[in-house]
Amino acid sequence: MNVEGVLAQLTALVAALVLAPLLSGWVNMWRAWLQNRTAPPITQPFRMLDKLFWKESVMAHGASPMYRIAPYVVFSCMLLACMIVPTLSTNLPLAPAADAIALVGLFALGRLFMSLAAMDVGTAFGTLGARREMLVGFLAEPAFLMVVFTASLISDSTSLASIVATLSHRELTILPSLAFAGVAFTMVSLAENARIPVDNPATHLELTMIHEAMLLEYSGRHLALMEWAASLKLFAYSCAGLALFFPWGIAQANDRVALAFALPVLVAKLAIGGMLLAGIETILAKMRIFRVPEFLATAFLLGVLALLVRILLGA
Amino acid sequence: MNALTALDGALTVVAAWLALGLAGLVAPRSFRFVAHVLFPLSALLSLALAALGLAALPGAAHAMVLPIGLPGLPFHLRLDALSAFFLVVLGLASAGITIFAAGYFRSGEGTAPGVMGLEYHVFLAAMAMVMLADDAYAFMVCWELMALSSFLLVTTNHRIPEIQRAGFLYLLVAHIGAIAILLCFGVLQADTGDYTFANMRAQHLGTFRASAGFLLALFGFGAKAGILPLHVWLPEAHPAAPSPVSALMSGVMLKTAVYGMARVTFDLLGTPLWWWGVIALAVGLATALFGVVFAAAQVDMKRLLAYSSIENIGLVVIAFGLAIVFTAYRMLPLAALAMTAMLYHCANHAVFKSLLFLGTGSVLHATQERNLGKLGGLMRFMPWVAVTSLVGVVAAAGLPPSNGFVSEWLLLQGFLFTGALPNPYLRMLVPVFAAGVVLVAALAGYVMVKFFGVIFLGRPREEKLAQAKDAGMLERLGLAWLTAFCVLLGLFPVEVMEVIDPIPALLLGRGLVQGGHIGGTFLLAPVSAERASYSPIAILVVGLAIAGLAFLLVRRVYHGRVRRAAPWDCGYPWQTARMQDTAEGFGQPIRQIFEPLYRMKRELPTAFDAAPRYRVTVEDPMWAWIYLRIAAATEAVSRRVGMLQRGRIAIYLLYSFLTLVALLFLTQA
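First to last, the sequence lines map onto chains D and R.
The opening position of the first sequence corresponds to residue 1 in this note's numbering, with each subsequent residue numbered one higher.
The opening position of the second sequence corresponds to residue 1 in this note's numbering, with each subsequent residue numbered one higher.
Looking at chain R on its own, in the form it has when it is part of the complex (with noise of 0.2 Å):
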């Protein structure tokens, strides 16, 4: 009774969305209706359905049908623990994107607010229905009305060449990977012609068809969430959207995407394969050393944060290939620790972020730059913003005790007991991944480094920064929600898990804490307190002990005077704001590391320039590599069905002709 009100209410949230969207059309060019009535009732409705979800977690599964649709072709929808966390996540990501959103749009950009405002909650309503959906015709459906209503939003400056093309780029990359999936959709159902999600539970595939659905899933979901060589959308789309729309699409949407590959591999399915486990593994490392190298790249603020979610969802990819690992050899606590770890590390990526984009969103806004170039020392001028990224910037690094460092502790722990696995050769391989893991983690330390040190400290590398605001009222409250779920969920790792904990008890028929203890209030043991344990509250306590004794301390036994001086910087009078290290700077020793990685062009001058100029571009080399080359192979190929285009009515005359004779031929012999 409870999970179908949960269901019911989920329903209704989606509903009142929708709701709200078409409210804002009253007035479509009111902003203040559409931001300060509209979006914090949207708020609210988000906080609804994370507390609905919340309630159906541990609940059993319920479904319902909704006759909305195409006649005999009903929406079937089902709320399960797996669509409740994914819910939760939706929920508590999108109230502070929300309420941000309420503070950020303005009038005059783009399009009109009310019919953005339509945009964004056809969106969340989308997002919503895409984790409810129960058959193949009701998630496409949502599926594609989230692609929609996502590239509207991406090109809500649609003036703009360069948004234009990034929002292209987006719709395409989204469609291929929709085709995949209703490819997938097709294998699965087994030529029964039932597309409901129960059927395809049912139905035992043979190999070949389990792993053709298989691979269609990891690169249909893979488009959306961005892996390997589909994720070459990403970093156009988040420079063109607004910041609060490249939050959602990064927090959120990118979860679908694990949604629907945790949905196809771990429940329609069945039981999976190893090798399914070593493709994503592969798949995923690639994925997070791609996105790591290259955010460390960038010097476009909101670039660096698209590559960094590559890189995370890499991590998520890579988590859940340990997943189906274990899975397929039935070591399920394993199995349950890795899909944990998957799980825990996607809502800690939607929380932190959701709060660094917003954060570049208030940057942009205070001083009208995304260059990191232009930026420096915004720390003195908004100090709300930065330490609320200062945040997100440790969690986003993976440190303690933030949340981001308990998804990769978790994560490798996982990788400590492949020893057990039976496979040799997996054996073999899979410590090369667990250090190319711990690879990925270093360098994102770097990246964060670089973003928040660039930003927020140091010297305006321009005069107009020192009259850049702080965010507004409602932005505050936006950052400070999302803030205070990284520290949550950071220090809290337990009752997190214990939350996460029914999903993989339905999916794998074993939940992390019911096999077994996972510590207590304060101290995380997965497996056993001897194995490992983690408290990150004891840390922060003792930490934050620490600091504050040696502060009164020093301040006791000596003196607290401080004095206000030039800076030092060995005595050299002349230094500028532009001699600090700029954005290339900074990561030019990885450019150097990894230079077969990218496809760089330098321009150096010599040393008799009389105008020395240095120029450096950094290309994704998967442009070259793969899409241009299918570019060329595409129009190659249209070129020569073209010459049968030859625009005489005689020919095509004949064309029908010698059609009609092939076919009586054909069906002579």
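Excised from the complex, chain D in its bound form (with noise of 0.2 Å):
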């Protein structure tokens, strides 16, 4: 471990922290602009946690323990899986402790917390929310790990930095079995981050709400640790994405004049895939509950087929 690694594992740390509440900022921006409404300024994820940090929090009678560590959990996961996900550089000293397939791991943990504290209290949303997130779980995250092994087969490694090591240096050709995976990747990001078509983030309809149902109870800092988790889950995805499909501009190991650049490329990419991640929210509706399984297990199908068109073709 050199102090070298250190520092760049500590911006990814703070940029992760910074660019999180940013990136769903900006996505709140565009889907706003394109559905003809005054946007919210870019900082309005900031102005909203610092609202709810100074919030008393109010817990429900019946609350256990449970209730109060779920949010330090869930957003621990979170940032741990940010700094695992080479963002800025693959020069990470904690890379090596999780790959790809630790990284599905973590999510999953973080996942398993928040349905958990869903259920504490007991009321009906809750669980009915923590069942459709476990069901969305159970489809997105097989999904998501055949992506991961589609990406690794190709590098031979699970590592993250080793994927993005090998993908960046090959000559720009689209394998077949990325772009399967790649579609399969965005369903699935989809459905992770609640976006729409799976979930609405800014529904309040409750019959129609997966992660907002779970989060019914949470108010004051214990929310405002939630929404932050939600955000970096949104950015650790965007990141991951971007490290297997797009990895150039991340800087490799001791490489400065690469990692000069790297924080504006990633703000650039960042600032496209929330775009389009706007417009796709715009144009798509909304599925019924029961069409999700059907979405996700598309998803799963061409992951698997990407794993397949790789072993078997080599393409």
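Misleading hints may appear alongside valid ones.
What the simulated footprint calls covered on chain D by chain R, stretch by stretch (three residues with Cβ under 8 Å from a Cβ of chain R suffice, anywhere in the stretch; the number is not a length) [claimed, not checked]:
| # | stretch |
| --- | --- |
| 1 | 49 to 57 |
| 2 | 73 to 85 |
| 3 | 112 to 123 |
| 4 | 142 to 149 |
| 5 | 152 to 166 |
| 6 | 293 to 305 |
Partner residues aside, some chain D positions facing chain R, computed with beta carbon under 7 Å [unchecked claim]:
| # | residue |
| --- | --- |
| 7 | G62 |
| 8 | P96 |
| 9 | D99 |
| 10 | I101 |
| 11 | F138 |
| 12 | I311 |
| 13 | L312 |
Hints are computed from structural coordinates only; laboratory data are not their basis.
In this text, a Cβ means the ideal position worked out from N, Cα and C, and glycines have one as well.
Dock the two chains into a complex; use the hints.
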């Protein structure tokens, strides 16, 4: 572990904490513009977080310690994920601690605690949200892993740093397996981040929501942590997608010139990605909950297809 | 010398267990003496066995002949790395289970405590002897002893008809399996008449005989392990048995079957054929998927865990199949990886499933309820059981940094190497299996959220639950012991794999550690650091640091004020505990998605019912698809045979006469 690595790790940490709410704000801005509304400023998520942190936390009478611990666990899982995914550079001392499979495991751990916390107070909406979240999760997780497997077969490694190194050094051709995997990954990210068409991040119609139903009882600092964790999750997924499919611009080890350009490149990529996400959310409508398994099963099949194409045809 | 003393030591432990069991007969009605004197002593013996096994693991194999049994048929015993590993698993898990049992068994439940203590210790001793047996005779005697003693334990509350039925089913399947194992040994000895394992090892069987031996072993041991069509006894026997017995059966006894499969396939049969691996993979995947899908639909907490055990055995069999495939193509480092994953998962499952079963035992004692729909909110009343179960749940869901994740990770790493297989069909099939494994792992998370959430979280669904008492001291000790191993096995994968390594070295001729590095103390990298690495300690430490810092910073920069109020629930004030999801409700999405798999009966009310009732029952389809058909066929055949039995002596004399004539005719011809 060298000084440079530690610095890069800390930069990645700070970048995640700052950029994640900004990304959410950016997506919301674009969504408002695309829907002919006046947009809130890009810093709106930060204002929300600050407001929530100042408010007192109202807890239900029956809430157990699980309810208070869960926000910290979820936040910790998502931030850890952001520190493992190569965002700015692949020279991260923490990266060997978790490869892509462990990354999926971390997301799943966060989901487990979030669902358990939602069941804790014992309201009808909480358990409903928990059940739906687990439904989305058990289909999205395998699909995500199939995408990861495809990428790791191409680069002979499940370590994200090695995947980025291999993928960014190959000549610029579109591999069919990666194309399938890319579509699958997009579908999974929409589902995992509670986006339209699977869930609606802006909804207040109780029966149509998943993520918001789980947070219904939360308030004050606990809600702030959960919201921050949600934007970190979106950031981590976006960066994982960029690392898998558009790895150009992420600095390799000891490449200082690239490191200087890494942040602007990342911001530019995220800006484009956020605009596309807002576009998708504007064009599509939310699905019925029992269409979601079909949507995710499609993603899973595409992932398996990507893996088969890679293994059988080597393409 | 060292390993020889280990074998002697293991035998001493077995003898001491039997002595403890017999000592219980001195005062069979004194539950105090049995529970508070004999069981803690027995737990110490378990510890000794685990230590002996650990000492014997790296050493050379040692054998001895014990002159018991029939004249001319002594017990051949042998302690090698494979036996030693399973002895360690037995010792570690049973130490926690036994100390829990010391606090668990109450007077006035079924069989007298002294007699039950005898059954329990015979069960433990028989399992240890199964691992040590080195000839078919000793193996079968101990195997049957294990089946019988566990049957008696399952039927501890033998006055209840359901429990009698469950016990009978268990005994039946156990014996069908035993017949297959016996036939398997018959095939393996290759007409030499010498049933020692040493002789079987020396035989070079042809493809047909070897395959027959393998399939018989898979069937026979599969009946004990609970692979797909033979799993039916598990969901019946586990709810019937007292919880420590369920824990012992699910955590340890299922592993004796895995031990048997590994012993026969890798040790006695020599080099396996590739398609055996495909069969094991297919059976394993079917078992795992079936188990987890049915676990999601269960409403009885012990049945849910029983189906989850079926799922985990499926995962073990998948790793077993992968190891066979790699061995068949002489890709030994990868075979070692798959075998390590298999053994690792055995140890993990032994620990976390025992833990969860014991947790359900405490819940059962505190509430008298097994039905998930009548539990809820127990985290507040039983914090010890809840927190230890939470660790078990994270492990069973296969999430980092627990132990369950490590073995699944190793298994998935094994799958990622299948691109190098020379057989194109296999290359095509294996990713499909990998996809199935991931689906199973993700569904396990669903099941575990249901298990923990419905029992421990939410509001109590019954009034009486508020009086639930947490587990007693001895029970807590048992739970804490198993929890500690869930954590340790998860945090120190490299050390655990170094312990396991002599087994692939023995069976495949090449271990994982000796062929290269598997990382350092804190970093697991089974192939190379560039290829894949995982460090649970780093994840845990950094994760805890982030959570702790976030906690402190929020309090320092902002505040830590909390106000208690009624739940919000979108402003709906009339909610009751009954409005929470029931167990059926939580499983409903899975039931809907996998509907063709279940045999579901729904009673739906119409809009005009004065007293609307909703009822749904889910049945195991294997009953209707296989077992009831076999039963019907058997009945039809026996009815035909019954036509011979006329009950008149003249007709029976006629039969004898006709037989005689026929035989005379045959000898003349």
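A quick look at each hint next to the structure:
| no. | hint | verdict |
| --- | --- | --- |
| 1 | 49 to 57 | holds (count 4) |
| 2 | 73 to 85 | holds (count 7) |
| 3 | 112 to 123 | holds (count 8) |
| 4 | 142 to 149 | holds (count 4) |
| 5 | 152 to 166 | holds (count 7) |
| 6 | 293 to 305 | holds (count 4) |
| 7 | G62 | holds (5 Å) |
| 8 | P96 | holds (4 Å) |
| 9 | D99 | holds (5 Å) |
| 10 | I101 | holds (6 Å) |
| 11 | F138 | holds (4 Å) |
| 12 | I311 | holds (5 Å) |
| 13 | L312 | holds (6 Å) |
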